[in-house]
Amino acid sequence: EAQVTQNPRYLITVTGKKLTVTCSQNMNHEYMSWYRQDPGLGLRQIYYSMNVEVTDKGDVPEGYKVSRKEKRNFPLILESPSPNQTSLYFCASSSTGSGYTFGSGTRLTVV
Amino acid sequence: AQSVSQHNHHVILSEAASLELGCNYSYGGTVNLFWYVQYPGQHLQLLLKYFSGDPLVKGIKGFEAEFIKSKFSFNLRKPSVQWSDTAEYFCAVRFLGAGGYNKLIFGAGTRLAVHP
Chain U
1 EAQVTQNPRY LITVTGKKLT VTCSQNMNHE YMSWYRQDPG LGLRQIYYSM NVEVTDKGDV
61 PEGYKVSRKE KRNFPLILES PSPNQTSLYF CASSSTGSGY TFGSGTRLTV V
Chain S
112 AQSVSQHNHH VILSEAASLE LGCNYSYGGT VNLFWYVQYP GQHLQLLLKY FSGDPLVKGI
172 KGFEAEFIKS KFSFNLRKPS VQWSDTAEYF CAVRFLGAGG YNKLIFGAGT RLAVHP
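So the sequences go chain by chain: U and S.
Start counting the first sequence at 1; every next residue gets the next number (the numbering used here).
Start counting the second sequence at 112; every next residue gets the next number (the numbering used here).
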């Protein structure tokens, strides 16, 4: 089954403790991206990657890092999480001419 | 700058009423257009998409949307809503450019509540 898998689904952490949210797709898509969803703001792009080793900032990249060492994986790294990064995060992938497939989301709470 | 606007943040309807949700974007170049639905506590599901061809697109669950290029609009419609359509709806636009550039931008979303 074609899918985007995110882990974990829920995470509560403390300020400053580094964390990684994983994202993996099995569709051989070139393009992957991360979004955060906040009430009244829709989904805002954090980072995106057009292919292996090619990443670029989205609209709200501050406080986040990404890497794309393999085509299927696109982890989101928070080096020093802060409470304003409490949000619902979605990973998505697509290829030219296709729509986007979204992961199930990761609800992150930073206390 | 590229942007996507959804006109209504909250819509309340009775069952069997007709629905139209507005979506406009700002960009003169090539775009792909999407509507997604998010049911409470769930992830995004694709309702329909437009890449090219017939500007009237039919999607799942009885939804349709019309692309009007001259108005930069892609409004979502359903003739008769059901209680189960209660959800948040997002318009999204993929902006395409040279060198494989593509960026997907979402509108702020419209919360639809359908009362029995």
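Incorrect hints may appear among the rest.
No farther apart than 27 Å at their CA atoms in a straight line, the calculated lysine-lysine pairs in the DSS-like style are these [unchecked claim]: (1) U:K69 x S:K172; (2) U:K65 x U:K17; (3) S:K160 x U:K71; (4) U:K18 x U:K69; (5) S:K214 x S:K180; (6) U:K71 x S:K214; (7) S:K169 x S:K214; (8) S:K172 x S:K160; (9) U:K65 x S:K214; (10) U:K57 x S:K214; (11) U:K18 x U:K65; (12) U:K57 x U:K69; (13) S:K172 x U:K57; (14) S:K214 x S:K160; (15) S:K169 x S:K180; (16) U:K57 x U:K17; (17) S:K169 x S:K182; (18) U:K18 x U:K71.
Example chain S residues on the side facing chain U (calculated, C-beta under 8 Å, incomplete) [stated by the list, open to error]: (19) L124; (20) T141; (21) L157; (22) Y161; (23) R188; (24) F201; (25) G211.
Just so you know, these hints were derived from the structure itself, not from any lab.
For glycine and all other residues, C-beta sits at the position ideal for the given N, C-alpha and C.
Going down the list of hints, with the structure as the test:
no.	hint	result
1	U:K69 x S:K172	39 Å, violated
2	U:K65 x U:K17	14 Å, holds
3	S:K160 x U:K71	25 Å, holds
4	U:K18 x U:K69	20 Å, holds
5	S:K214 x S:K180	19 Å, holds
6	U:K71 x S:K214	18 Å, holds
7	S:K169 x S:K214	24 Å, holds
8	S:K172 x S:K160	14 Å, holds
9	U:K65 x S:K214	18 Å, holds
10	U:K57 x S:K214	11 Å, holds
11	U:K18 x U:K65	11 Å, holds
12	U:K57 x U:K69	17 Å, holds
13	S:K172 x U:K57	35 Å, violated
14	S:K214 x S:K160	15 Å, holds
15	S:K169 x S:K180	17 Å, holds
16	U:K57 x U:K17	23 Å, holds
17	S:K169 x S:K182	20 Å, holds
18	U:K18 x U:K71	24 Å, holds
19	L124	20 Å, violated
20	T141	12 Å, violated
21	L157	6 Å, holds
22	Y161	10 Å, violated
23	R188	20 Å, violated
24	F201	6 Å, holds
25	G211	6 Å, holds
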